[in-house]
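**Q** Sequence:
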Amino acid sequence: MKQTITKLYRYNYWANHLILEKAAQVTETQFTEPTAFSAGSLRRTLVHTLSAEWIWRSRCQLGVSRSAMLQEADFPTLAAITTRWQEEEQAMLSYVETVTDADLSQTITYTNTAGTVSYETLLGDILHHLVLHGMQHRSEMAAMLTSFGQSPGDIDFIAFLRRTSS
Numbered sequence: 000m001k002q003t004i005t006k007l008y009r010y011n012y013w014a015n016h017l018i019l020e021k022a023a024q025v026t027e028t029q030f031t032e033p034t035a036f037s038a039g040s041l042r043r044t045l046v047h048t049l050s051a052e053w054i055w056r057s058r059c060q061l062g063v064s065r066s067a068m069l070q071e072a073d074f075p076t077l078a079a080i081t082t083r084w085q086e087e088e089q090a091m092l093s094y095v096e097t098v099t100d101a102d103l104s105q106t107i108t109y110t111n112t113a114g115t116v117s118y119e120t121l122l123g124d125i126l127h128h129l130v131l132h133g134m135q136h137r138s139e140m141a142a143m144l145t146s147f148g149q150s151p152g153d154i155d156f157i158a159f160l161r162r163t164s165s
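Numbering that gives the first Met the number 0 puts the first residue of the sequence shown at 0, with every later residue one more than the last.
In short, the hints are calculated from the structure, not lab data. Hints may contain errors.
In the EDC-like style, the derived pairs of lysine to aspartate or glutamate whose C-alpha atoms are separated by at most 20 Å in a straight line are [as the list claims (entries may be wrong)]: (1) Lys-6 to Glu-119; (2) Lys-1 to Asp-153; (3) Lys-1 to Asp-73; (4) Lys-6 to Asp-102; (5) Lys-6 to Asp-153; (6) Lys-6 to Glu-88; (7) Lys-1 to Glu-88; (8) Lys-6 to Glu-96; (9) Lys-6 to Asp-100; (10) Lys-1 to Asp-124; (11) Lys-6 to Glu-71; (12) Lys-1 to Asp-100; (13) Lys-6 to Asp-124.
Quick list of the computed label-pair ranges, beta carbon to beta carbon [to be verified]: (14) Gln-2 to Pro-75: 21 to 29 Å; (15) Thr-120 to Asp-153: 27 to 35 Å; (16) Asp-153 to Ser-117: 26 to 34 Å; (17) Pro-33 to Ser-138: 15 to 23 Å.
Glycine included, each C-beta is placed from N, C-alpha and C at the ideal position.
From just these sequences and the hints, can you work out the full model?
**A** In structure tokens, the structure reads:
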């Protein structure tokens, strides 16, 4: 199971890089304008996805339930988002490397960001959830980018396997 988790996280960041590369090609207006997608603008969707990774890693690795999401205003540019995401990517990959198969069956107890509801979830389920959450928002961002004339291309898992196995 750990081997699968590690592979999924490598895919996660490979696909994120494709999104970030194309996001660098859009105009400031395209980057910040609201869209019909769940998180709103491309910038807001990037910050939301980054924030989710940070919050979940904090819960799993540090036992800390954060009281707030990262704020879009703290990331005025794609460069600011990319810098923070590189830090989070390194932290998450380092953490995932330390997780054992036995750890994946451990229960993580955490609260929502409001601190009002407690949950218990298996670490393995959380780590799967986080990759799938990223996939949802990458799909939305890929659609945004494509509408801006900047398609990231094939971001499927199988494309990752084919491109990285050769």
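**Q** When the hints from earlier in the document are held up against this structure, which numbers fail?
**A** Numbers 1, 2, 3, 11, 14, 16, in rising order.
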